[in-house]
Every structure is written in structure tokens, then in C-alpha cells.
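> Since the structure of chain P is already known, use the hints to place chains C, W and F on it.
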Amino acid sequence: MIPEFSATAARPPKAWWWSVIALIALAMVMLPYYVDIALQLDLSIIFVFALLALSMGFLWGYAGILSFGQTIFFGLGGYAYAVLALNTGMTGLPFLGALLIPVAFSALLGYFMIYGRISDIYLSVTTLVVTLIFEKSIRSTSGPEYVIGSVRLNGQNGIPGVPGLTLPWLDGAPLSIEGVFYLTAGAMLLVYVALRLLLTTRFGRVIVGIRENERRMELLGYDTRLYKLGAFVLAGGIAALSGVLYALWGNFVAPEMFNLNQAAQVVIWVIVGGRSTLIGPIFGTGIVQYTSNWLGTVGVGQVTLVLGIVLMVFVLVFPRGLLPTIGDAFGYVRRRVAGRGATR
Amino acid sequence: MIATTLYLIVYSISLLMLVSLGLAIIFGMMKVINLAHGEFMMLGAYTCVLCVNAGAPLWLSFAAAALAVGLFGIVVERLIIRFLYGRIVDTLLATWGLSLFLVGLVTTVFGPQAWSISARFGNVSFGGMNFSAYTFVLIAISIGMVVVTWLIARFTTVGLIVRGTMQDATVASGLGVNRNLVYMGTFGYGAALAGLAGAVLVPITGASPSLGLFFVAKAFINVIIGGHLPLIGTIAASSLFGTIDGFVSYVWSSVVGEVSVLIVAVILLRLLPLGITGRLRSGL
Amino acid sequence: MTLSRRQFFRTASGAVAFASSYGVLARAGLAQGNPIKVANILDATGGLNIYCLKQIKATAMAIDEINKAGGLFGRPVELIFYDSQSNNQFNSQYATQAFVRDKVDVLIGGVTSSSREVMRPIVQRFKGFYVYNALYEGGVCDRRHMCPGLVPAQQVAPLVDYVVNEKGLKKGYILAADYNYGQITAKWMQKFIREKGGEDVAVEFFPLDVTNFAPVISRIQSAKPDVVWSALVGDAHMSFFRQYQATVGKDNIPLAATTYGLGRENATLTPEENEGIMIATSFIDALPTEAAKSFVERFKAFSGEDEYVGEYAEYGYRGTMLWAEIVKKANSVAPDDVMAAVDGVTFDGAGGRYTMDGQTNHVIMDVHIAVGNREGSFDLLKSFSQQPPADTQAVCNLFENPNDTKQYEPEL
Amino acid sequence: MTVEPILSTTALEKRFGGVRAVAGVDFSLQPGELRCLIGPNGAGKSTFFKMISGQLKPTSGEIRIAGHDMLNAEAYQIARSGIGIKNQVPDVMNGLSVRENLWLAAASRHRGAAIGRSVDRITERLALTAILDRLVGELAHGQRQWVEIGMVIVCEPRIVLLDEPAAGMSDEETVLTAELIREINKDMTIVVVEHDMQFIRRIARTVTVFHQGRILIEDSFDKIAADPTVREVYLGRSGGT
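Chains as they are written, first to last, in the numbering used here: chain P, 919 to 1262; chain C, 1489 to 1772; chain W, 770 to 1181; chain F, 117 to 357.
Where hints are given, some of them may not hold.
Here are the computed lysine to aspartate or glutamate pairs in the DMTMM-like style, where the Cα-Cα straight-line distance is at most 25 Å [what the hints assert, rightly or not]:
1. W:Lys872 with P:Asp954
2. W:Lys806 with W:Asp1112
3. F:Lys173 with P:Asp1038
4. W:Lys939 with W:Glu964
5. W:Lys872 with P:Glu1096
6. W:Lys1151 with W:Asp1020
7. W:Lys965 with W:Asp1112
8. W:Lys940 with W:Glu968
9. C:Lys1519 with P:Asp1038
10. C:Lys1519 with P:Glu1132
Since the hints were made in silico from the structure, they are not lab data.
Chain P extracted, bound-state conformation (with noise of 0.2 Å):
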């Protein structure tokens, strides 16, 4: 077993686990000084992206509802700042505004499918169609008619020249690829923290609970709606974060973001990592973006033929993803290791 999953997930976690953690943290703020920029412009994407296969692999591996549209909210993280941004002329107070809007769609879109009682692949399918509404009423705007503020929202191409976030005691630069790279790396090194500390509380074992049998928890007196709506909203969060830190990555927004291919893409993420632990959808996104990357300079002809590839090798062989795989192997061996020992 995983130590996120199951019997011990609710454990506050252990010193060795800080100290793996400020290791990480320590090795992210020395990387800069030991990179050239390009990969260190490759590691923010994956951390960006990582943090949408975090908002994903959290619904669906420990609230257990499957969200097929996280796109929605990065989609509209990303559209909300770069349209608060260029209208306003400000950064941070954009980069707030576009973190509340998705979550208040997330409440009425959740409230919607949650207190409906969708049942759960209809769930799936209400949050993919969502999404499609999104990304085909987006690309229809390309005429000159479609201005929010001063803001054409350019339907099919997007909105380029996002402006890059700018910090006051940083004297009103926008932030440089290194800067780029730090907020990154913290946000989803926080937002792992954070949704593992969140496991440990009343709240995170509650929705742990929901998953396993949300009747039984709902015949011990828990709103379970209430809670999963709360799941919901969090992961919504999480998206529209990783939404604005896309558009302040590449400086621009575009519909693909709302689309099936990215949708794809999260679930791909999230499926290889591992879907019932925290770490596997990082990983996941490392390791697959990393993987797309390579191929796009190596020239493998199709990439998409890979990638299929690999995600049916997931699901027929390794279901549960590379880490928990991983996990069971160690287990395994530790297991055989120690048969031994005491048969001797």
C-alpha cells in the first residue's frame, strides 16, 4: 500500500517526509543557478500542468468523483486573467480575480451535478460536454463584436500578449523565467502540502470516507453533498490556478485548453502516475510531458501513436499507474525479503 492511501492516509505525515520535502524545495530554488533557461521553461509546464493532474487525480482518487472537465476551470483561470490583466493593467489583483470566477462556476456547476444526484459517469460525461460548450463557444468569437472590457477575446487564436505577472518590490518587472519557474515549482509544492495535510483533517477523511460509501456516511449524519461540493470547489481551485500560471507561463490563452485533446491529456497524466495517490498525477505529468517533448525533437513520426500506446499499456497492465505499481513491487520484495528472514 501506498502510504497516501487507505489505512494510514489520515496520519499526519512523518519527519522524513518533511525533510524529502525541504530537500525538494531546497533543490528548486538552487536549480536556476544550475539550468539554462529552456529547461527550466520545460519544468515549469510540467509543474503547471501537474498541478491540473493534481486537481483531477484528488477528485478522483480520494473524493472518488470522476471529473473528465477540469479543463473548464483551467480554461477559464487562464481566459479570466489574461482579460482582468489586460483590461486593468494590474497583475495581482487579476491573478486573484481569476482563481474566484472559475470557483464560483465550479460551486454552480457542482452544486448543479452534486445535489442532481448525477449519477457518477454522468458526472464524467456532464463535465466533458461542459467543457466542449466552453472550448466551442469560445472559438465563435473571433469577430470584432466579441470584446469583454477592451479585450477582443480573438475566438480560435486566442489572446497572446498576456502580461506576465509583476511584483512590487521586484520594481514592477514582469516576473523573468526564473521568476517564472519559482512561482511554479511553490505553488505546486504547496498545493501538494496542502492536499496532504488536507488528508489528515476532519474534512479529508470525511470525503476519504464518501468514496468508500458515501450511503454509510451519509446514515452516520454527514451532508455528503455538502462535502463533495467541497472537493469539487477545491479542485476547481486547483485548476484555475493552474490555469492563470498557464497563461502567465506562455503569455497567452487559448480555446485547446478547453479541449477534448486536453481533457485527454489530464486523465492520461493522471492514469499513468497513479490514480489513488497524490504524487503519481506529478509524476504522471513529468514523465508523459517529458516523454512528448523528447519525441516532438526526435522525430518518432506520430506522436498521438505513442501516446495511445502507452495509455492502453496503463490500463490493461499497470491499472493502478507507475507509483503504486512501483509500491507493490517494493512491498513485494520487502515481503519475500522478510519471508525469509523468518523462516531462517
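Chains C, W and F alone, transformed into the frame defined by chain P:
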């Protein structure tokens, strides 16, 4: 004006039935959501183009497409799907992988460009309007597909066995029915319908690697809204969405048509979480 | 090396094979000194690759020819290819990687306007030089960017002139893809049609994934125009030409298109569907010039593909060669020197003479009116000599504002 | 003097399509009672329990808990009003440990350190210490029943509904369960559905017999056991299980 609207609506409905029946059968009978459905259609389209280019008549190419994709479906069922029965999400993910794989493979083999065939059907005119004669062929085939499926399910032994197995697999296998064979056959039949749909679309859209992508979302929504009864569900959902799309696209524009279909779909999911046929216990 | 480059092409058909150009030279002992590095970022995979696959090879052929002719001032040219997988995120990553890690001297590529707008700020940030080989909506005003492709006014004006004036098809029904290019092109169509005394009865836009054109075909028949104008783009929209031919037919209402042929639609539709579509272009395979014939032959030999070549492939070759000419004139590959040397550079290519317009960094070129034929190709009808990028010139002046980097939308 | 019933239903009815699973039940329970419900399979006992606990919405009728109308209340509201139920099939969080199951149950009632204390108390009372860190899904059927009973009573409900608490238990466990039920009856009102007549004999004072969705008869165990109609509909058919 009225005739045109009516024609567009019937055409829209037929297109939807054509592209979603195979998916609906596989979903309704086997509880498998086949996300590679669009790519099955694409394979059918390429089969059709290859046959026509090799000199086969069009109708024979349609049959060849249905047969080839049907066989391919059986292979897929044996190699992938059968390990995943009862795991609805996993089948969805595995077929998603298959879909990406097939798009990549076909692009590598046939190139990214659309392939076309020369098929002259001419046009029919009435009321000062020309209508493509082929669209009437498509409407006929689409209706034919539904009718034939209904006849098989209702009046043949095979249909009876399949319905029985899907209702209660243990009882059926107790009666000496080979369950594997039934699943294989059903999946193959659904795939064959997808292949036929793809082939029938060739004169309209050509065959290209992205063919599946254009239709799979529509088919998917249609099936989910239709619910678990493949025939009634497909007919009901196609009629509803076809009417909306056909009418709205003609009176306003294609964008408004597509978005209104999606919005109606979301509202329906809220009202009927199990689809239109969700509350019906029996039927086809 | 036992496998010749051309064989490698056929077997791999992937793009990175081209990166070996320099390797071959090095082994042949031709390479002296540091190679000049050229990055080419295009979509070999994904939905946009119908515009890119030929251009990737044409760019490689241009580099190959430059190297065979001894490189640029004695230095060999190395091509590095990146597959952006029809995903702007990769355009962003690879553009940065090209400048930072691979330290390229010029960036060539991007096929959509959005991919260009993602990469231009990166080119600015690293003070590089960027060649965008595509037909687009016009208006980019940036000294670090050059575009050898057609812009709407350049293309639409001659086509309208021919269709409305010479053919007398006054009443037009405009269909366009629903994105910036389509929106802007539709406006230019309206403007020019009205100026020439024609009438635009309707303008309609279609999302790029629409395949069912039955509703609009019915509306067209009710409106009874003299001609249908198309700025439809992409794979899905090809269905329009099929469905149009099966209902209305070009014999009844002719079709004129600005983008038709870019995705090599002519080579993939059937003869009857292709026949009679009127287009305005800067290159077709069947141009009756020696330069065009030679280009088509060389490309077919280089790529090993015996198919219609098309305008986008020629853009790749044209853009690379124009850049090379500018480098020769500047006698330096440094982006700032290249920028300064742009104005007035010419290259006599397959579509005629290309002259760099330093005011906009766009190209003055011949525009050819052609019509689709039954052989999956086009017949030349008429050529308009040396058309300027008038729409972009109206809004952009890099001589006066050298620090401009905006993309303007022309006011109509 | 009549005490207000802690739980009462009036003309409670549930239809599934054309079938009336519960066909007009008037039921009343006094505080502190230990009531047994018996009846053949399909008599409507479990459906009745599910309506009281909010798992099924009644077609018509009335449910009152301590005088409050609970007909349209959600399951969690009913639970908070003091009803705890153990369902027929063990209904626990199989993927979690025994400790976590009990913790979740206790946390619905308590806050902070009180949660841990009540988990400790129930662990001791039900002798679950040895299996505390095992996954519930890995336990034997009988053990899971105990965990579920523990989860119900750790919430300190006013009324406990137990649907076949002794099913699948060994004789020894059955005896222990009966003892436990009698013990918790000191603090809580209890309704038990059971088939095992030996078990009922051990615990029951008043027995209610369900038949075809209605209450057939309500009396003391001995009278019921002697009643010929009951023997016919219930004991006669199911062979006195």
C-alpha cells in the same frame, strides 16, 4: 421553405443515427463506452476508399467496410475489451488510447490528407432547390440500419440469445450459451455499424485521420442522452438533437446550432440523469 | 553512411532526418567553421500537419541546396527541426529551447496565427529573427519578423478584379472560416466587391470542425448569388466543396476561393469537385515558367514523393531562400544585421520575383489567378505583376517606427 | 399516562412500480423499547427500515421522530435527529481500517479529542483492539457486522435500527451480540429485524410481525410464537429459520 427545413431536419437526424447506432449498441448491450468509435468509422471510410480505388462498386465497398471493421472490432474485443468488463472507466480509457493510436497509425500509413472517391449521384431538384441525391441514399441506409438491427434483435435466435445474455449472463450461460461468443459478436456488430457509417460518409466528408474526431463527441452525447436502450434511445436522442440542429443551423447558423445541442444535452442530463430511456426497464 | 539521405526520408518520413543535412556535409569534408543554425518549428503531427509536411521538406531542401552551393559565406548551415504537434504550448517551449539551448541564428516556422503570436514575443525576448512562412490575415509590424506569404489585400484585390470585372459575377455570397483570418478576409472581400461595383448578399462564418454544410447550401440556393466566395480552411471544410458540387454545382453558381489549394485540397478532391474553382495564389505547380518547373522537379526528387507540391511547400523554400539572400547582403547572420538589411532584397523564385518590402517586412510578389482542372491541379488564367502587401502597408511603417512589434487590424 | 412515541409512522406506504412493498404501516415505538420485527422474506421489513432512515422516499404516509415530521428529510438529517442503522448487508468503508471507520462514525457526533476517546471506548467494549488497523474489507463477515454495529452505537443515537445483526455470525458471536443489544438498550431505543428465533427469544419483549407489507400482529414473544396465523405465514413457510 418548409420542405427545405424538413429535409434538413430529416438529414440531421439520419446523420446522427448513422454515426451513433454502433456506439449505442456497444454501450447499451455491454456497458462499454467505446471512445474509439470515431476511429472505427475512420477505418471504415479508408476501407471504402481503398475498395473503390481498386475498382469495386460503391455498395460492395460499403459492405467490405462493415465486414472489415466488424472483424477488427472482434480482434479489439479479444485483445483489449474482454479484460475490462465491468470496469466502465477503464474501457473508456483503453478505447481512448486505441483511438489515439489509430489516428497516429492511419496518419503514418495514409498521410494527413483526406482521400476522396468519385461517386456521381447527381442532384434532385424540387421547388427551385437542388438537393444532393446522395443524402437520400444516406437517409435510407441510416433508416435501414436501425430497421435491420431491430429485426435481428426481435425476430432471430441470435437476437434472443444476445438480449438474454445482456439481461442475465449467468442464466444464459447456464442454458449453454457461450458468453464470450456473444460479447465478441455484439462488439463486432457495433464495430461493423461504425465501419458502415464511416464508409457511407466518404462521399460527403472524404476519408481522413480526423474523420472520427468530427463525429465522436456528437455520437457520444447522443448515446448518453439516449440511455441504456440502444435502439429506442438512439432514435429518440437523434430525433431530438437532429431537429434542434437542423432547424437552428438553417435559421441561425451552424455555431448556434451546435451550442444549442450541447446546452440542451446538459439540461437533459440534469432532468433525466440516466438518459431518455433511463426509466424504461425493458425494450430494445 | 550507407543509407542515403533520400532513402532515409522515405523510410522515416519523419522530420528530424533533415537535421542530418549538416552531418552529411561534415562527413563530406565540406564543413568548415561553426555551422549557422536554423530552427524550423512546424506541426508534423496533429490536425495542422496538412499544411506543414510539405513545407518541412521544402525548408530542408532549401538548406540542402544552400549547403551544396558552399553554405553561407563559407559556413555550413545546420537545420534543427522541432515538431510542435499542432499545440501552441510546444511552439512556446521549442522556440525558447531553440534560442537558449540550441543557440540558433534564425527561427523559421509556425503555421497558424496563434502559433506565430506565441513565438514572436519569444523572438523579441532573445533578440532573434523570425521567418513566418504562411498566408495570413496581415498586419504584423515587427522588424524581427518577416512573412513571405500572401496577405488578404494582396490576394483578394486581384481575385475580385478578375471575378467581378472580367467574369461579371457581381452578386457574391461569402463563406469564411470562423477565426481571425476568415473574419478579416471576409471584410476585404466585401470591401473590394463593393468597390468594383458588385454586391455581397451575405457573409457567414463556420467553426473549423463543421462538416455538414447542407443548411448553408440551402440558404445559398435561396439567395441565388452569381458567385460563392470561400475563405474556408482545413480538413473539415473540404466537405463543403464535395457537398456543393453534389447539390448546386459550379456550373450553376461558380466558386472563388482564397485559401483553396493551401492544404493541397485540389490533389485530394475528385476531378469534378476541383474543376472550375477560381483562386488567387502566388504559386501553383503548373506555372509555365522554367523556375516553377525546376522547383517542382527538384522537390519531387528531394522528397521522393510524386504528388502535387503546392503553395505552402514553396513558401518554405521561398522564406528560407529570402532569409539567405538577406544574410548574404548583410554579410552577417546576426539578427540585428539581418534586420537592417531586409529592405529591397530580391529572390527570383518559383512563383516569380519576390521583393522584400522593408516598410512591413512582407513581400511584393506576383499574384496568379488560376482555375482548378480535372487533373487535380490548376490552370493559369492571368497574372498580376508585383502586388504590394497594401493592407499591411496602410497600417505599418517600420522605417518610421522601428521599435513597433504590434499586429494591426486594418480598419476598413 | 401515555408517553409520546419516539418514533411513529402513519399509513406509511412504498410502491415499486405496481408492487406495494410496504402497504400502509402504522407503527409506534416508546422510548427505551427493544422491539423485534419479524416476517417472511419480502414482507417489507427492510424497505420499512430504509424509509425510516431516509434511504428510500416513501410513496405516501407519515414519519415522525420524537414528534418531528421527517417524511421529506434527507438521510443525513434523519441520522442527526438520532437514528442509527445497521443495514442488512455489511455497509462499511471496506477500503479503510477499522480504526478509520470508527473514527469517521465518532466524528459525526463529536469534535476534537472526544472523537478519540469514544473510539477507544467502543473498541474496548466490542473487543476490536486486535483488528483495529486491519482493512475492514479483509475481515470476516461476522467481524464486519460488529464493526458496523460499533459504528452505529459510537454515534450515540436515540434509536438504533439493526437489520439482521446476527446474520453470518457463529453461535458464540450470536450470543455476544444478543448480550450487547440488551446492554445498549439501557441507553438507547432499539428495533431489530431478525430471522433467528432463538436470537429473538433472547432479546425480545415486544415483537411486531410483518406480512405482505402490513403489520399482521404485535404482541409479546410467547404469544406471537403461539399464534397460529403467524406460524402459518412465517414459521410455516420459511421452516422456522
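> Which numbered conditions among the earlier hints are violated in the structure presented, ordered from lowest to highest?
7
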